[in-house]
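2 protein chains.
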Amino acid sequence: MPYPSARRLIILAEGHFGPHDGKTAMGVIRYGHDPVIAVIDSTNAGRNVREWLGDRPRFDIPIVASLADAQALGLVRGTPTALLIGIAPTGGKLPAAWRQVILESIGACLDILSGLHTLIGDDPEFAAAARAAGVEIVDYRRPPSREETAVGRAHAPGKHVILTVGTDCAIGKMSVALELRQAAIDAGLVAVFVPTGQTGMMIDGWGVAVDRVISDFSNGTCEWLVEQAEAKGDWIIVEGQGSLDHPAYSAVTLGLIHGTTPQAMVMVHKPGLPEHDWDHVEGRTFPLQPLNDFVRLHEQVAGVVAPSRVLAIALNTSLFAEEAAARRVIAETAAETGLPTDDPVRFGPARLWAAIQAGVEALDQATAGR
Amino acid sequence: MPYPSARRLIILAEGHFGPHDGKTAMGVIRYGHDPVIAVIDSTNAGRNVREWLGDRPRFDIPIVASLADAQALGLVRGTPTALLIGIAPTGGKLPAAWRQVILESIGACLDILSGLHTLIGDDPEFAAAARAAGVEIVDYRRPPSREETAVGRAHAPGKHVILTVGTDCAIGKMSVALELRQAAIDAGLVAVFVPTGQTGMMIDGWGVAVDRVISDFSNGTCEWLVEQAEAKGDWIIVEGQGSLDHPAYSAVTLGLIHGTTPQAMVMVHKPGLPEHDWDHVEGRTFPLQPLNDFVRLHEQVAGVVAPSRVLAIALNTSLFAEEAAARRVIAETAAETGLPTDDPVRFGPARLWAAIQAGVEALDQATAGR
Numbered sequence: 001m002p003y004p005s006a007r008r009l010i011i012l013a014e015g016h017f018g019p020h021d022g023k024t025a026m027g028v029i030r031y032g033h034d035p036v037i038a039v040i041d042s043t044n045a046g047r048n049v050r051e052w053l054g055d056r057p058r059f060d061i062p063i064v065a066s067l068a069d070a071q072a073l074g075l076v077r078g079t080p081t082a083l084l085i086g087i088a089p090t091g092g093k094l095p096a097a098w099r100q101v102i103l104e105s106i107g108a109c110l111d112i113l114s115g116l117h118t119l120i121g122d123d124p125e126f127a128a129a130a131r132a133a134g135v136e137i138v139d140y141r142r143p144p145s146r147e148e149t150a151v152g153r154a155h156a157p158g159k160h161v162i163l164t165v166g167t168d169c170a171i172g173k174m175s176v177a178l179e180l181r182q183a184a185i186d187a188g189l190v191a192v193f194v195p196t197g198q199t200g201m202m203i204d205g206w207g208v209a210v211d212r213v214i215s216d217f218s219n220g221t222c223e224w225l226v227e228q229a230e231a232k233g234d235w236i237i238v239e240g241q242g243s244l245d246h247p248a249y250s251a252v253t254l255g256l257i258h259g260t261t262p263q264a265m266v267m268v269h270k271p272g273l274p275e276h277d278w279d280h281v282e283g284r285t286f287p288l289q290p291l292n293d294f295v296r297l298h299e300q301v302a303g304v305v306a307p308s309r310v311l312a313i314a315l316n317t318s319l320f321a322e323e324a325a326a327r328r329v330i331a332e333t334a335a336e337t338g339l340p341t342d343d344p345v346r347f348g349p350a351r352l353w354a355a356i357q358a359g360v361e362a363l364d365q366a367t368a369g370r
Numbered sequence: 001m002p003y004p005s006a007r008r009l010i011i012l013a014e015g016h017f018g019p020h021d022g023k024t025a026m027g028v029i030r031y032g033h034d035p036v037i038a039v040i041d042s043t044n045a046g047r048n049v050r051e052w053l054g055d056r057p058r059f060d061i062p063i064v065a066s067l068a069d070a071q072a073l074g075l076v077r078g079t080p081t082a083l084l085i086g087i088a089p090t091g092g093k094l095p096a097a098w099r100q101v102i103l104e105s106i107g108a109c110l111d112i113l114s115g116l117h118t119l120i121g122d123d124p125e126f127a128a129a130a131r132a133a134g135v136e137i138v139d140y141r142r143p144p145s146r147e148e149t150a151v152g153r154a155h156a157p158g159k160h161v162i163l164t165v166g167t168d169c170a171i172g173k174m175s176v177a178l179e180l181r182q183a184a185i186d187a188g189l190v191a192v193f194v195p196t197g198q199t200g201m202m203i204d205g206w207g208v209a210v211d212r213v214i215s216d217f218s219n220g221t222c223e224w225l226v227e228q229a230e231a232k233g234d235w236i237i238v239e240g241q242g243s244l245d246h247p248a249y250s251a252v253t254l255g256l257i258h259g260t261t262p263q264a265m266v267m268v269h270k271p272g273l274p275e276h277d278w279d280h281v282e283g284r285t286f287p288l289q290p291l292n293d294f295v296r297l298h299e300q301v302a303g304v305v306a307p308s309r310v311l312a313i314a315l316n317t318s319l320f321a322e323e324a325a326a327r328r329v330i331a332e333t334a335a336e337t338g339l340p341t342d343d344p345v346r347f348g349p350a351r352l353w354a355a356i357q358a359g360v361e362a363l364d365q366a367t368a369g370r
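Read top to bottom, the protein sequences are chains G and D.
262 is the number that this note's numbering gives to position 262 of the first sequence; each next residue is one higher, with no gaps.
99 is the number that this note's numbering gives to position 99 of the second sequence; each next residue is one higher, with no gaps.
Treat the hints as calculated values from the structure; they're not laboratory data.
Hints are supplied without guarantee of correctness; some may be wrong.
Here are some of the chain G residues that sit facing chain D, going by a computed Cβ distance under 10 Å [unchecked claim]:
hint, residue
1, G15
2, H16
3, G18
4, S145
5, A150
6, I257
7, H280
For every residue, glycine included, the Cβ atom is placed at its ideal position computed from N, Cα and C.
Given only the sequences and the hints, what does the whole structure look like? Please build it.
Right, here's the structure in full:
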């Protein structure tokens, strides 16, 4: 799936623009290559993406109330070519209210880019409309036709595999992986990002939404993604999913850990978040795990298939508005865990990457010495 | 899926009758309710299932070379009504050589019962033949249309959930669960078996092959199975899948642990088995885990979602032909782990069940006392 170069996006995030449910929109704006004409979210109309992301997007991006408003902006900002569905609701179902805007977009000759579990291209009404309009529907969550169980493949010599894991979902495992990949490239290495979710795929143009894969082929598909990445480069940074203690998504997480058999893991954590935040029954809370215990548990669980070490903590300090407070929590976490700690999205990834690279090379030497 | 009462089976296990690849055949013969006319396996033709299973099947079951031979037996043993595909190859694909015998069976007015990943009913040639012959194709691995993530549901008051886990796949987690269910019923309890694989579904007439479910819905589907089971009874015994350290299947296993949130687990282990036995790359071995460490790891991993204890060890002593040797390894394992240990398939489940029931009731009291 090569990334089209002349694509200009309208992002649909109705009612949900923001870092949690709107994480697809956020990720594509932050790390994608295509210009974004506008974001549709009537609840935030009149605002600008820069209010959330500062100068991270290369251009300012207005938030508008409707498709018509977005198209009007196109007159000055360039004609849009695609509607990208920018939210990832729990369970990934298509909200009924969106049918109309998707049909109108198809009618306006926009391609539809979707990461929902509900495959847009399999819907007879959408498919017929797309055929009539001559536009493409891209369902990033459509699973690959390859359905194979893992075979216990060893990494090729000289390849290094690093997986981002986390204490919750939707706290930045993809962003950390993308930042570290950039730092590795800046350090002169041949580094590869492995997209394992729809947003990562929209950004990097390949990969598999592993949460959509049949469970029996989870580990096998992750193993295959690493095999492909090894053909692309030497330092392979895999986007993690969910968390090992997540009541709803832990199976996906373990498929990644045991399927990619990383030499190293980077633990992503969002200080200040007390509990798992997802659509669960009322009256129950699911607290996050103590960090040190959770680091050890990851090493134990990974280790029953292949040895792996957590080499760094990547904090998401977005709940600490003041920079001084963020730096303090980074220092406290480093002291608590004894591990290199930073917020690579906020403060840049170079320092954390240097520590991770050194750690992986030390593990390599220890293995070679045995 | 109510279990039809007047079904008589021919079981296809060509080239694979035996406890590993032929575990579906073995399970249905051992624990199913329908008479089996014959097993087709030309490599074992002339032998009888009793050579493997002793007097476990109520009737002796000849192994024959072909469908025609099986049908000839039907003249004296009752007309067969269905062909049951009795092997579960790695990855669950349909071996090409079987197309002919399936088509011939459909032509002979036999229903087709299959647990393969390759859904027989979706194959245009099979579907057309079945329509023409007026027979039914039942694909037990067809996933349910319900696709929901887990919601962190608590068990209803007074319900007890017990999950069989194991040190490898294909060592008897389903058989142990079925034996324990029987022992619980014999003890006067309202006990439910929760089938989570195709063989269990063929035996008990409901359930979901959880390895076929989309990974994002793994935990959610297991949670839903327990919810259904709670409506059927009080002591819920869930069939486990794979193993937590299995390079290929661990994601499925964790979906069960975190989706069913069992109060108790029963660790199934096959002494004498040195390593994971599945289709893996040559030159690598994947040893089984030390039992005590693995018990602790299960309690830790389960515990990050809900507290759970391993209350017993169920050994599969089939590698110890002599009964005295089997009893010795049971005693050794009990001493090593400090847990009630037995081979419930070989020596009966009553003793192990009594220990598990007492253990669960003690956990209940400890929880109530807090």
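- Does H16 of chain G pass the interface check with chain D, least Cβ-Cβ distance below 10 Å? Nearest chain D Cβ about 17 Å off; hint violated.
- Task: Hold the hint about G15 of chain G up to the distance rule: shortest CB distance to chain D must be less than 10 Å.
- Result: violated (20 Å)
- Would the hint on G18 of chain G stand, with a C-beta cut-off of 10 Å toward chain D? violated (20 Å)
- Grab the minimum C-beta distance from I257 of chain G to chain D and call the hint holds if it beats 10 Å, violated otherwise. Holds, about 8 Å.
- Message: Take the shortest C-beta to C-beta distance between H280 of chain G and chain D; is it under 10 Å?
- Response: Constraint on H280 of chain G satisfied, holds at 4 Å.
- Holds or violated: is the Cβ of A150 of chain G closer than 10 Å to a Cβ in chain D? holds (4 Å)
- Does the nearest C-beta of chain D fall within a distance shorter than 10 Å of the C-beta of S145 of chain G? Violated, about 13 Å.
Comparing the model with each numbered hint stated earlier shows that hints 1, 2, 3 and 4 do not hold.
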